[in-house]
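Engineer: Sequence:
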Amino acid sequence: MQIFGVDIGGSGIKGAPVDLDRGELTEERYKVLTPHPATPDAVADGVKEVVGHFGWTGPVGITFPGVVTGGATIRTAANVDKAWIDTDARALLGDRLGGLPVTVLNDADAAGVAEMQFGAGRDRQGTVLLLTFGTGIGSALFVDGELVPNTELGHLELNGHDAEKRASTKAKEDHELTWEHWARRVTKYLAHVEMLFSPELFIIGGGVSRKADRFLPLIEGIKAEIVPAQLQNNAGIVGAAMRAAKYA
0 MQIFGVDIGG SGIKGAPVDL DRGELTEERY KVLTPHPATP DAVADGVKEV
50 VGHFGWTGPV GITFPGVVTG GATIRTAANV DKAWIDTDAR ALLGDRLGGL
100 PVTVLNDADA AGVAEMQFGA GRDRQGTVLL LTFGTGIGSA LFVDGELVPN
150 TELGHLELNG HDAEKRASTK AKEDHELTWE HWARRVTKYL AHVEMLFSPE
200 LFIIGGGVSR KADRFLPLIE GIKAEIVPAQ LQNNAGIVGA AMRAAKYA
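Sequential numbering from 0 applies to the sequence shown in numbering that gives the first Met the number 0.
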């Protein structure tokens with residue numbers, strides 16, 4: 000079975016059809032830059048371009064970088080335009096896609112669902128936390144395989160700041176941090192999250208997961224196992240498609 004997944008991020012909007020039996024993209028993903036300002040209408044146009052690139056006419060799962068309630072309503076918008084807050088994203092995006100069936104969920108939750116089914120969290124019980132490092136820090140919390148949605152742990156306070164302002168990939172790039180310096184910040188963040196949730200496993204996702212060998216060996220003093228996401232930056236697309244299939 001194939002379903003289309005779209006992953007809206009702070010820097011890019013990417014999507015592709017997904018084989019839900021294997022958890023893999025069936026075609027090379029297509030990506031457009033996230034518009035600035037990332038208003039609802041502008042982002043919806045980007046989603047339309049991505050879906051239209053494939054001529055897709057079936058159900059579409061779409062991630063959003065913020066809290067999504069009821070599979071539709073946006074409650075936070077840390078890394079996109081604030082006009083998203085209280086927007087019915089399902090209605091907006093469905094209309095822009097010509098009435099295609101649309102489901103919407105938090106981007107990190109989507110990545111986590113995919114990793115738990117097809118990737119690093121497969122068959123893992125207990126408390127598992129997936130953290131996506133990119134424009135911000137997204138989080139997906141699982142207890143015995145069940146998702147606790149919209150945790151938004153990237154906004155925990157770290158040294159007087161939102162954690163994602165200190166330890167996201169964007170923070171590394173903006174402040175030109177070395178891998179060693181950035182790894183120290185990530186370690187402090189993981190230690191704080193570990194103190195709060197005591198997970199058995201951290202899964203590190205987002206685009207930086209492709210370079211896990213550059214920083215994971217530098218993280219010390221964390222009791223939980225730490226592994227890179229196996230689906231890497233495609234996890235959000237796969238998870239979005241999985242959610243769309245559930246409600247198709």
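Hint data in this document are derived by calculation from the structure and do not stem from the laboratory. Just so you know, not all the hints are guaranteed correct.
What the hints assert, rightly or not - Here are the computed lysine-lysine pairs in the DSSO-like style, where the Cα-Cα straight-line distance is at most 30 Å:
1) 30 - 81
2) 47 - 169
3) 169 - 210
4) 81 - 169
5) 210 - 222
6) 245 - 222
7) 164 - 210
8) 187 - 245
9) 187 - 210
10) 30 - 169
11) 164 - 245
12) 187 - 164
13) 30 - 47
14) 30 - 222
15) 169 - 187
16) 81 - 164
17) 222 - 81
As the list claims (entries may be wrong) - Have a look at the derived ranges for each label pair, beta carbon to beta carbon:
18) 40 - 125: 37 to 47 Å
19) 31 - 82: 36 to 46 Å
20) 211 - 143: 43 to 53 Å
21) 70 - 125: 40 to 50 Å
22) 174 - 32: 31 to 41 Å
23) 158 - 56: 15 to 25 Å
24) 143 - 215: 34 to 44 Å
Ideal placement from N, C-alpha and C gives every residue a C-beta, glycine not left out.
Engineer: State for each hint whether it applies.
Structural biologist: These are the hints, each one checked on the structure:
1. 30 - 81: holds, 23 Å
2. 47 - 169: Holds, because 26 Å separates the two Cα atoms, which is no more than 30 Å.
3. 169 - 210: Measuring from Cα to Cα gives roughly 15 Å; hence the hint holds.
4. 81 - 169: Given that 30 Å is the threshold and the Cα spacing comes to 19 Å, the pair holds.
5. 210 - 222: holds, 22 Å
6. 245 - 222: The hint is violated at about 35 Å.
7. 164 - 210: holds, 20 Å
8. 187 - 245: Violated - the C-alpha atoms of residue 245 and residue 187 are around 37 Å apart, more than 30 Å.
9. 187 - 210: holds, 19 Å
10. 30 - 169: Cα-Cα ~19 Å, so holds.
11. 164 - 245: violated, 34 Å
12. 187 - 164: Given pair residue 187, residue 164 holds - Cα atoms ~13 Å apart, limit 30 Å.
13. 30 - 47: holds, 11 Å
14. 30 - 222: violated, 37 Å
15. 169 - 187: Given that 30 Å is the threshold and the Cα spacing comes to 17 Å, the pair holds.
16. 81 - 164: holds, 18 Å
17. 222 - 81: Cα-Cα ~37 Å, so violated.
18. 40 - 125: 37 to 47 Å: holds, 43 Å
19. 31 - 82: 36 to 46 Å: Given a distance of about 19 Å, which is not inside 36 to 46 Å, the answer is violated.
20. 211 - 143: 43 to 53 Å: Check failed, 26 Å falls outside 43 to 53 Å.
21. 70 - 125: 40 to 50 Å: Given a distance of about 27 Å, which is not inside 40 to 50 Å, the answer is violated.
22. 174 - 32: 31 to 41 Å: violated, 22 Å
23. 158 - 56: 15 to 25 Å: violated, 49 Å
24. 143 - 215: 34 to 44 Å: Roughly 25 Å apart at Cβ, these two residues miss the hinted range, so it is violated.
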